[in-house]
Structure formats: structure tokens, C-alpha cells
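First to last, the sequence lines map onto chains A and B.
The opening residue of the first sequence carries number 99 in my numbering; numbering runs sequentially from there.
The opening residue of the second sequence carries number 227 in my numbering; numbering runs sequentially from there.
Errors might be hidden in some of the hints.
[Unchecked claim] Here are the simulated DSS-like pairs of lysine-lysine, each with C-alpha atoms no more than 27 angstroms apart in a straight line: (1) A:202 / A:163; (2) B:387 / B:319; (3) A:155 / A:121; (4) B:387 / A:121; (5) A:163 / A:121; (6) B:366 / B:387; (7) A:142 / A:121; (8) A:155 / A:142; (9) B:308 / B:387; (10) B:327 / B:366; (11) A:202 / B:327; (12) B:382 / B:327; (13) B:387 / A:202; (14) B:366 / B:382; (15) B:382 / A:202; (16) A:168 / A:202; (17) A:121 / B:327; (18) A:168 / B:327.
[As the list claims (entries may be wrong)] Covered stretches of chain B, as calculated for chain A (at least 3 residues, CB under 8 angstroms): (19) 290 to 297; (20) 384 to 397.
[As the list claims (entries may be wrong)] Derived Cβ-Cβ restraints for the label pairs, each shown as a range: (21) A:174 / B:376: 18 to 24 angstroms; (22) A:102 / B:280: 55 to 61 angstroms; (23) B:284 / A:182: 44 to 50 angstroms; (24) A:120 / B:379: 38 to 44 angstroms; (25) A:120 / B:378: 43 to 49 angstroms; (26) A:184 / B:386: 49 to 55 angstroms; (27) B:302 / A:121: 16 to 22 angstroms; (28) A:208 / B:316: 16 to 22 angstroms; (29) A:184 / B:308: 27 to 33 angstroms; (30) A:208 / B:377: 19 to 25 angstroms; (31) A:205 / B:319: 35 to 41 angstroms; (32) B:279 / A:173: 22 to 28 angstroms; (33) A:104 / B:284: 27 to 33 angstroms; (34) A:167 / B:287: 28 to 34 angstroms.
I should point out that these hints are in silico values taken from the structure, not numbers from a laboratory.
The beta carbon of each residue, even a glycine, is placed where N, CA and C say it ideally should be.
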Amino acid sequence: MWAVEEIPNEHFLFMRIHANWLKHGEPLGAFKDIEGGMSTDWEKYSTAQQARDRTRKPNENGVVKLNAGKIRELQDMSVVHTPEATNRAHSEVFGEKTPEMRVKLNRLAEWVIRLSD
Amino acid sequence: MPTNADISEIAEPSYLQVENWRSDERKEEPYLERKKSLIWNYDVIVPPSLSAEMIISRLIANSESLLQFRDDSDEGFVPYSKETLDRAIGFLKRYVSSAIKICETSVPIPRLLPGPSGSIDIHWKNDSRELVVNIPADNKARALFYGDDFGSLCIKGSLDKPLAFYMIRMWLLDS
């Protein structure tokens, strides 16, 4: 198993966003917890493309990046490296994803791989 | 401290006086400027010729597709229920009906977005403000809202507070 490391504030996390979240408007609903935290991939051990390819249908997903330090500046949000056996980059954003936090996370997100790419 | 007599003087202008004052204020405000202040880049602006019923029926028609929404990459995905959608539409009906009475030019109309865990987001956004009301899938859970001006001014809370609806309406119409 991989060792858990501290993610520096200046590093970025990649997060997949499925095309369906964009059909109605901005993807606020994509910023959600799955079994604990919001799942992301740390740039130290993953490229954006690799993050995209970890899903069953990569072509239906875009990838955004979020700055770890900016996330930590949000109230009650924490960023933790949570490596998995098959994914050393796996990291999570913990903290309740209230409407306020989802609006702010959406503003922090920058597209790296757009759905048209 | 004001005396009772002072309060009485302040609190009892006639209905007509208040109406005249409001009308005068509106005349001084350039129509175009007021109209511009209500344009929401992200969303639809409703022309004053449309009735509240027409606006609501359009919103309902546009929102039906939420019930078919899926995220194939999320194994824990919670589908959207008609019951949750109906509660979101109920909020919209109340908002549109009351806003259209207050606002003579046009009413900012939100989008209904898929939210997390089967919840539905009602989302308004323009260049100067953003606001989201989240209608949870669990009808016993609190419906939370948050809005800000991209700066230090913000509004947040839950809809179970009696004044929340009016705060939200005021926030949206005062943009």
C-alpha cells in the first residue's frame, strides 16, 4: 500500500465531471461526496488524462483542476491524500458540501480537459 | 428614544403617500438602467408580457428532463424523484408569482440543476450575483440556500426560517 503524504498548498487536484452535469447549466451538483469525501487525483501521481481514463467511459467526462491551498481556505474543507491500491494519486476533499461550498468549489475549478477535447 | 407620538407620525403615512413616493422614485430612475440591472447573463429574462402561469409552465416543461438525468461514473448515484422536482417547482411558483407582482420590468428566472444525492438546485447567476437554493431529496431535511456578490456580501440560511423566502426574493430583485 502507498504511504499517505501531505499535499502542498500549491499543488492541484484533478476531478472528473461527467457530461450530464453540464446539460442543465453549471455543474454545481458534481461537487459532492462519495463514501466520505469528494474524490480527486493529486497531480503528483496523475495527469489529467490519467484521471479521466480511470472511469468506465472517459469520453463522457471532462477534467477540472482545483488548487489544494484554495480549497483549504474554504471553511471546514480539508484536502487529504487517500491512496488506493490501484491509484496512488487518489485524494479526497472532506467537509460538508453545502450550497455555499459547492458554489465556491465550482468557482475554483478550472477546465483542463473540456468535454469537446 | 422616540416617543409614542413620534412613532405614530413616522408609521402612519397614508397608503397613497407611500405609493406616490415609490412612483416618483421610479420615474427618476432611467428605465433602461433599471432594466439592465435585472439582466441575468446565465438565465432567462422574462418579458413583462408573460404571465406567471406561462413562466411556470415553461419552467416545468424544461425541468422534466432532470428525471432522466444519470451520472454513469458514480456507482452511488441517486436518481431524481418527481416528488423532489415538485417541491422545487413549488418554490419556483411561489417565487415567480410574488416576484412578478413586485417587479414591473422583468423577473430573473433560474435554472433547475441536478444537485448531489438526488437533490435539486435552483440556480440564479449574473455578472454581479449568484444564488443557489438546494431542495433536498429527503423532504424532512432542511433546504439550504447561499448567494453572494462574488465579494463580501452574502446571504445564506435554510428555507425553514419564516423570513428566508422574502430575503431570497429581495436579494434577487435588488440586483
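Legend entry - Whether the CB-CB distance between residue 208 of chain A and residue 377 of chain B falls inside 19 to 25 angstroms: Hint holds: Cβ distance 20 angstroms, inside 19 to 25 angstroms.
Inset, instruction - For residue 104 of chain A and residue 284 of chain B, compare the CB-CB distance with the range 27 to 33 angstroms and indicate the outcome. - result: violated, 51 angstroms
Legend entry - Hint consistency between residue 366 of chain B and residue 387 of chain B [alpha-carbon to alpha-carbon, up to 27 angstroms]: Roughly 14 angstroms between the alpha carbons, so the hint for residue 366 of chain B and residue 387 of chain B holds.
Inset, instruction - Quickly compare the C-alpha distance for residue 327 of chain B and residue 366 of chain B to 27 angstroms and report which way the hint goes. - result: Violated, at roughly 30 angstroms.
Inset, instruction - Hint says 43 to 49 angstroms; check whether the CB-CB distance for residue 120 of chain A and residue 378 of chain B agrees. - result: violated, 29 angstroms
Legend entry - Within 8 angstroms of chain A's CB atoms, at least three CB atoms from the region 290 to 297 of chain B: coverage verdict: n = 5 at 8 angstroms, threshold three: holds.
Inset, instruction - Given the hint that residue 155 of chain A pairs with residue 121 of chain A, test it: the Cα-Cα distance must not exceed 27 angstroms. - result: holds, 17 angstroms
Legend entry - Consistency of beta-carbon spacing, residue 280 of chain B to residue 102 of chain A, with hint 55 to 61 angstroms: holds, 56 angstroms
Legend entry - residue 387 of chain B paired with residue 121 of chain A [C-alpha distance capped at 27 angstroms]: Measuring from Cα to Cα gives roughly 32 angstroms; hence the hint is violated.
Inset, instruction - Could you tell me whether the CB distance from residue 302 of chain B to residue 121 of chain A stays inside 16 to 22 angstroms? - result: holds, 20 angstroms
Inset, instruction - Decide if the proposed pair is consistent with the structure: residue 366 of chain B and residue 382 of chain B, CA atoms, cutoff 27 angstroms inclusive. - result: holds, 19 angstroms
Inset, instruction - Quickly compare the C-alpha distance for residue 202 of chain A and residue 163 of chain A to 27 angstroms and report which way the hint goes. - result: holds, 14 angstroms
Checked against the numbered hints given earlier, this structure breaks hints 4, 7, 10, 11, 17, 18, 20, 24, 25, 26, 28, 29, 31, 32, 33 and 34; the rest are met.
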